[in-house]
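Student: Letter by letter, the chains look like this.
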Amino acid sequence: MTTTPLTPSAVAEALPAVKIPPHRRERLTPRRFTTNTIFYALLILLAAIYIFPFLIDIATSFKTEADAAADPLSLIPQTFTTAAYQKLFLNSDFPLWAKNSFLVTASVTIGRVFFDSIAGYALARLHFRGRNVMYAGLIAVMAVPGVVLLIPKFLVINQLGIFDSYAGMIIPLLTDAAGIFIMKNFFESIPVSVEEQARIDGAGTFRVFWSVVLPMARPAVVTIIILSFQGSWNELSHFVVSTQSPALTTLTKGVASLAAGQLGQATQYPLKLAAAAVMTIPVAIVFFIFQRRILNASDGSVKE
Amino acid sequence: MTTTVRQSPRLRMRRGTGIRKGEAASGWLFTTPMLVLLGLFLVIPVLMALWVSFSDWSGRGSPFSSGVSFTGLKNYSSVLTGGGLAEQNFGVALKNNAWYVVLVVPLQTALSLFLAVLVNRQILRGRGFFRTAFYFPSVTSSVAITVLWLFLFSSTGAVNKLISFVGVTGPNWFNEPAGIFHFGITNGPGFLVNNSTLGVAWWDWVGGPSFAMFALILLAVFTTSGTFMLLFLAALQNISGEVQEAAMVDGANGWQRFWRITLPQLRPTLFTVLTLGLIGCWQVFDQIYTGTQGGPAKTTLTPAYLSYQTSFQDQQWGQGAAIAFILFAIIVFFTLVQRWVLADRKVSKRRLRAYRIPGSKR
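Residue numbers (this note's numbering), protein chains in the order written: chain A, 1 to 304; chain B, 305 to 666.
Here chain A stands alone, though its shape is the one from the complex:
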């Protein structure tokens, strides 16, 4: 995709972006060369601004404290040290936080894929009384801003007696209105005749859903996986209101306490930045695996 050859037809396709009279389309005029150079210079500058903070993060995590303060811009540590990582993994609760984060994220992702897709399927395809009301309710629920729910969620979790437990951390996140909405929309785009065929062959509703429809909905399922993995891995406020004990601290909550807690003492920037870098790795991996799908999502699905 990035290596599109500069054939005349490719250039013609690109017409909207290029403004030269048609007969001179194939020649690289000096003026066009200049605009091109400026264009790429601008893009590269912007990309550098977006990437540089992350490079600084990684570089600083290998620096000594004094070095981090003395030369915050350099990308090469004066004295290369892994002290921050050693402290993080051997002398802190960081591994415990990571374990909790993985546990919660895995449970929430599996739960959402299952619950979002069955609910989405029912709303898209099954005929039953109350379906439209349910759908309207779902849309209304989607409009409720999450931050308004902080206190309410705590009240219910507390009332149910699952405060400060894995149950309280996981169960409220097991389904989300937006995910159901995505699944419903996707199921509606699958031709209904396929299901009817299976039904005529005698398959029950769950069987039709599980063996016929769900495999066809793979793109939507992947979307749900990406969204819920990223969402629950990066979730902070829900864990702030649903847990208290150090044993249940997740990465987000733990690293936040690291950032806030020791402001009075030494700044410990290499340690904090190492923690920030490590906690970014899993979402980065998911992002790079599904990169094409995320960044080109619009290319295939919307084009008529």
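Derived by calculation from the structure, the hints in this document are not laboratory data. Just so you know, these numbers come straight off a predicted model, no measurement behind them. Glycine is no exception: its CB is placed at the ideal position from the N, C-alpha and C atoms. Treat the hints with caution; some may be incorrect.
[To be verified] If you only want the chain B side, here are some residues facing chain A, beta carbon under 7 Å, derived:
hint : residue
1    : GLU327
2    : ALA328
3    : LEU341
4    : GLY343
5    : ALA353
6    : PHE374
7    : VAL421
8    : LEU422
9    : ARG435
10   : VAL443
11   : SER445
12   : PHE455
13   : ALA462
14   : PHE589
15   : SER615
16   : GLN617
[To be verified] Dumping the calculated SDA-like pairs for lysine to any residue here, alpha-carbon to alpha-carbon at most 20 Å:
hint : chain 1 : residue 1 : chain 2 : residue 2
17   : B       : LYS465    : A       : ALA260
18   : B       : LYS602    : A       : ALA260
19   : B       : LYS465    : A       : PHE52
20   : B       : LYS465    : A       : ALA48
21   : B       : LYS465    : A       : LEU45
Given the coordinates of chain A, assemble chain B onto it according to the supplied hints.
Tutor: Only chain B this time, still in chain A's reference frame:
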């Protein structure tokens, strides 16, 4: 859009036979987890919190126990008109967040549209690389980015180092409560200092966000522009090239084509981005919790964080819940205003004249 085969109501209701056998039962079975989970952790909690916002519950025991009494609008009035610390805190939080919204929403919308137009060019080397670079901040956790930001904007951090190259001594960003529009003036004109709204002097209202808040504003623009870029990109790819070509034949230059052709067609996406941006901006919590806890001098306090602090730390649950519902009302209000502003209206005559081709007969 719906491809579902619509059946007549009577046929739909007939149960137990044919191809739709047992569908109603499965329908309810399939949606039960959703109903239970969303009902239990979304609908009921909101109702419970609504009750708490009208009560004097202190956080001990159940909010429905007999010791808790109905106090009417007391919690709301102490936040909005009480004249005490509660009102002042809320006023400060509202001021901080209003500046945050005023700066973040236009900046992130403009930047994300700009990025989308840049990477949407048909011939573009390294398209994947650029899209990745711009989108990556959006997938990382707000906690990790805030930690990074605390370092970049620390007194000896990267940003101040960069600024020092042009001979300017940067502020100690996250410890600097001064408003960015105050320009070092400590005493404002009398009428601004002596008048106040919601317990906050007008002088402070016009002072803009503090340097600490401004660093968080830049953080928000940095992390959200990638997501919105993708939304604009999807919309740009959906615009047919034909209108563009027609405009080109008519002699419109690139700038005119963008403002007169592309942008009007992006209107629905623009509305989505502005609404999502607005809703997101009024909910800023993670960055405050991680980075500043409302400081320095309460200049990064936001209603969302204040609501958390009031209930979870000060145990004023009724007041905290009241703040949350006021915030909810604010978000709904601005979304409606935005919908109204961006609604399709008839084109005025003056505007219509601008679209007429010179020399044409009409």
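Student: Under 7 Å is the threshold here; is the Cβ of B/SER445 close enough to any Cβ of chain A for the hint to stand?
Tutor: holds (4 Å)
Student: Given a cut of 7 Å on the nearest C-beta pair, is the interface hint for B/ALA328 held or broken against chain A?
Tutor: holds (4 Å)
Student: Tell me if B/PHE589 is really an interface residue toward chain A, meaning its C-beta lies closer than 7 Å to one of theirs.
Tutor: holds (5 Å)
Student: Given B/GLU327 was flagged as interface, is its beta-carbon under 7 Å from a beta-carbon of chain A?
Tutor: Check passed: Cβ of B/GLU327 comes within 5 Å of chain A, closer than 7 Å.
Student: Does A/ALA260 sit within 20 Å of B/LYS465, going by the straight-line distance between their CA atoms?
Tutor: violated (23 Å)
Student: Given B/LEU422 as an interface hint, is the shortest Cβ-Cβ distance to chain A below 7 Å?
Tutor: holds (6 Å)
Student: What's the verdict on B/LYS465 and A/ALA48, does the C-alpha distance respect the 20 Å limit or exceed it?
Tutor: holds (17 Å)
Student: Straight-line Cα separation of B/LYS465 and A/PHE52 no greater than 20 Å?
Tutor: Holds: B/LYS465 and A/PHE52 sit about 14 Å apart, inside 20 Å.
Student: Going by Cβ atoms only, is B/SER615 closer than 7 Å to chain A?
Tutor: holds (5 Å)
Student: Would the stated hint for B/ALA462 survive a check requiring a Cβ distance to chain A of less than 7 Å?
Tutor: holds (4 Å)
Student: Tell me if the straight-line CA distance from B/LYS465 to A/LEU45 falls inside 20 Å.
Tutor: holds (19 Å)
Student: With 7 Å as the cut and Cβ atoms as the points, is B/GLN617 at the interface with chain A?
Tutor: Violated - the Cβ of B/GLN617 stays beyond 7 Å from chain A, reaching only about 11 Å at its closest.
When held up to the earlier numbered hints, the structure conflicts with 4, 6, 7, 16 and 17 and fits the remainder.
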